[in-house]
Amino acid sequence: MSAVYSSSALRAEVKSVSQLASRRRSRRRLLGLFALLLVVFAVSLFFGRYPQVGLISPAQLAEDALAQRLILNLRLPRLIASLLIGMSLAGAGMVMQMVFANPLVEPGFLGVSQAAAFGAAVSILVLGGVNWQVQISAILFGLLGLALSYLLARRVRYGGWVLRLLLAGIAVSALFASGVGLIKYLADPLRQLPDITFWLLGSLSSITWRAVLSVLPLISLGLVFLWLMRWRLNLLALEDEVVFSLGVAANRERLLVLFMAVVITAASISISGLIGWVGLLVPQLARRLSGADARDGLPTAFLLGGIFMIVCDDLARTLSAGEIPLGVLTSLLGAFGFLILMTRRTVKV
Amino acid sequence: MTDPILRFENVVYTYPDAPHRALQGLTLSVPRGQVTAILGPNGAGKTTLLRLAYGRFQPQAGQIWLEDRPLAAFSRQELGQRVALVPQREANPFAYSLLEYVLLGRAPHLSPLQMPAAADVEIALSALETVGLLPLVKRTVQALSGGEFQLLLVARALAQQASLLLLDEPTSHLDLGNKKRLITCLQNLRENGTTILLTSHEPEVVAALADQVVLMRGGQVLRSGLLDEVWQADLLSETYGIPLRVWKFEGRRHLTWE
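Just so you know, the protein sequences line up as chains A and B, in that order. Going by this note's numbering, the first residue of the first sequence is number 2, and it counts up by one from there. Going by this note's numbering, the first residue of the second sequence is number 473, and it counts up by one from there.
Chain B extracted, bound-state conformation:
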């Protein structure tokens, strides 16, 4: 395995006032230059894991390492330069242009009184180009469809020029066409060697994208490994708690329940 960019060691996290641990002794590693997918049912602790990965919450026990340094040793701005987040959903009531919105991704590289310069605009435009939104650049954010907006969030994260891209349930509220568009976009990023850590409760999305898969349930890792090793009926059944069957049809992996 290549050297990991991010490592969790026996990480424990409990939300304030919560009766149960959201993560109980979680260990995993995210290899550089690959797509790692965390697959699990709702409430498995996937989003919590991401929140710890970009430093939003600190674990009560265990250790997180980013680029072989303890994550807690990074300043917030340093983390923003290294880890970018595409949130599950995002609300903003103001009608920004696409370029203005993507430029916000340059924040970790600017000091509080600095404004984005020509070089930042160049980076934002190429991020828009990468996700295929350049032709829509004159529209406002509010004129975008849900799928296009999700691509815009990916573009903003790319403008951060981070070494690790986190995506929280990137396809969970997209229709089929938009799902395909987003998956294609992420596949292209993967071809270019972007390191991605994503969560999903949709096995098909994970099957289409992931190099490494981590199966999670109840705040713990059930199994992790290459897609082929993990894509087993018994493992997936255990993850979701219902009997499942796996199929391979025309080179694609499918899953059905009984």
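So that you can see chain A by itself, here it is in the shape it has in the complex:
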């Protein structure tokens, strides 16, 4: 080692530049994003079609009882739902991309999305589409999808644990997707099929306080847990051999964070229906913004996911007089965003 490398002056400089400054910068960036989220949330509360597209002014709100009820009983629960779902899907996407060390993985892929969709469709077909029944059925089937993927992965005879889970997830997803297809074919085209289609496209238009409060505890718990594990996620992205040598019980911890990610994903889509692309795109954006370290990446993904979902839902309820399905908008914007990211010159996922 040359003397230049080890001079204490260089070390002090490197320390100030690399560590402290970057930590301070990332804290400022997170605060900025948080402020942006608050602004978007506040503006969205007053923004909408009532009756024309625009903002409700404080003066109007003071007199108009209908506007008050609209904001408190329709827009507020809907915004909170958007926020929770956005944070969950983006956070779960980040977790899965790290655990599978693959930036192209999304939260529903362990069979969760398709299984939840199957659960919702079965409930609509058999029980007739009562909201809370559809919701419970979607959560239960989502977790069943994960359990099947897990059990199947244990029986796959080759490959590392991660590859086996991936293969099992693909198989289980395909299985439930074909089930959904069958139910759509069997469903009454006038009464049941529209409900199923509506659920598969995803929407928050019929969200209620009860639906929001029913998933709030579970989602909050999951988000806090993942946030506490955020540095650890970096370790779980390493190869089995390496993470073992660092004294980490990798497979147990991976399973635990995956389980949490799946729980919040299933809870989210149980109230909204399928919503694609958020969990794939937002983590990638977050990593561009904050760097690969999940200490910053995960909170960034939470905040960006919340903002993205609120904005998408704003568009869904205002672009046309009828509602545009939320899942359609997230896919559209998500796919465009993805294309832009992929064709930019600096590739840094």
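Think of the hints as simulated: they come from the structure by calculation, not from any bench. Remember, it's a predicted structure, so these values are computed and weren't measured experimentally. Treat the hints with care, as some may be off.
[Said to hold, decoys possible] List of simulated lysine to any residue pairs, SDA-like, C-alpha gap at most 20 Å: (1) B:Lys610 - B:Asp683; (2) B:Lys610 - A:Ser23; (3) B:Lys610 - A:Arg26; (4) B:Lys610 - A:Arg25; (5) B:Lys610 - A:Arg289; (6) B:Lys652 - B:Lys610; (7) B:Lys610 - A:Arg24; (8) B:Lys651 - B:Glu663; (9) B:Lys652 - B:Pro675; (10) B:Lys610 - A:Leu217; (11) B:Lys651 - B:Ala680.
[Said to hold, decoys possible] Per the computed footprint, the stretches of chain A lying under chain B, defined by three or more beta-carbons under 8 Å from a beta-carbon of chain B, are: (12) 244 to 257; (13) 286 to 299.
We put the CB at the ideal spot given by N, CA and C, even for glycine.
Got chain A sorted already, so can you dock chain B onto it with the hints?
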């Protein structure tokens, strides 16, 4: 011989579903404060030996001792605090900064919900300094050359502050310049009294680094001892299964085949 940090006694290991034993009755000891090199052809069982040494696999027969305690008696985290591994190669798809990557080496000293603190950053920075990567600290992992990345893995292992450093074929896919850089780095560590156990199929690398050499073939130790005792044409020929000649030129050891 100084007291061994790691001892293998008649260790037998067979991979699941494998027809042959990867290690058959292997006995060796790794002295503290020295570089021990395991030299042998591909498939001799060198990597298997390392996997047993950091507790990844348990032997079917025989006993492994680390610091005079059975290796199996250590928890995984305790092993991580004592034995560090530099793998042969490592893939990671995300663009970490060098400091973030080396900080991962602090994991065995942190509980699952703990995050690295200022003291850990200090340790990671001095590990980067030791391998000579401090000037590149602002780059991302993906911007490093193969040789620099190998040095980074050494830095991460140093940040573990383990008493035994394992290196699996550290130079096998490096060009000459990077090979020299890595060997120089390891020589410096050796000067500072780091205990190293490395595997290699390259005799020149072993000759440049090792105090102790273990010749392996077919899952067994052919011969072990000081470099001078082992560096014999007949022994090396037997190890590789082809006739070899050894030379000494300007104080360095060389090897040619006939």
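Status of each hint after checking the structure:
{"no.": "1", "hint": "B:Lys610 - B:Asp683", "verdict": "violated (36 Å)"}
{"no.": "2", "hint": "B:Lys610 - A:Ser23", "verdict": "holds (10 Å)"}
{"no.": "3", "hint": "B:Lys610 - A:Arg26", "verdict": "holds (14 Å)"}
{"no.": "4", "hint": "B:Lys610 - A:Arg25", "verdict": "holds (15 Å)"}
{"no.": "5", "hint": "B:Lys610 - A:Arg289", "verdict": "holds (16 Å)"}
{"no.": "6", "hint": "B:Lys652 - B:Lys610", "verdict": "violated (24 Å)"}
{"no.": "7", "hint": "B:Lys610 - A:Arg24", "verdict": "holds (13 Å)"}
{"no.": "8", "hint": "B:Lys651 - B:Glu663", "verdict": "holds (18 Å)"}
{"no.": "9", "hint": "B:Lys652 - B:Pro675", "verdict": "holds (14 Å)"}
{"no.": "10", "hint": "B:Lys610 - A:Leu217", "verdict": "violated (40 Å)"}
{"no.": "11", "hint": "B:Lys651 - B:Ala680", "verdict": "holds (11 Å)"}
{"no.": "12", "hint": "244 to 257", "verdict": "holds (count 7)"}
{"no.": "13", "hint": "286 to 299", "verdict": "holds (count 5)"}
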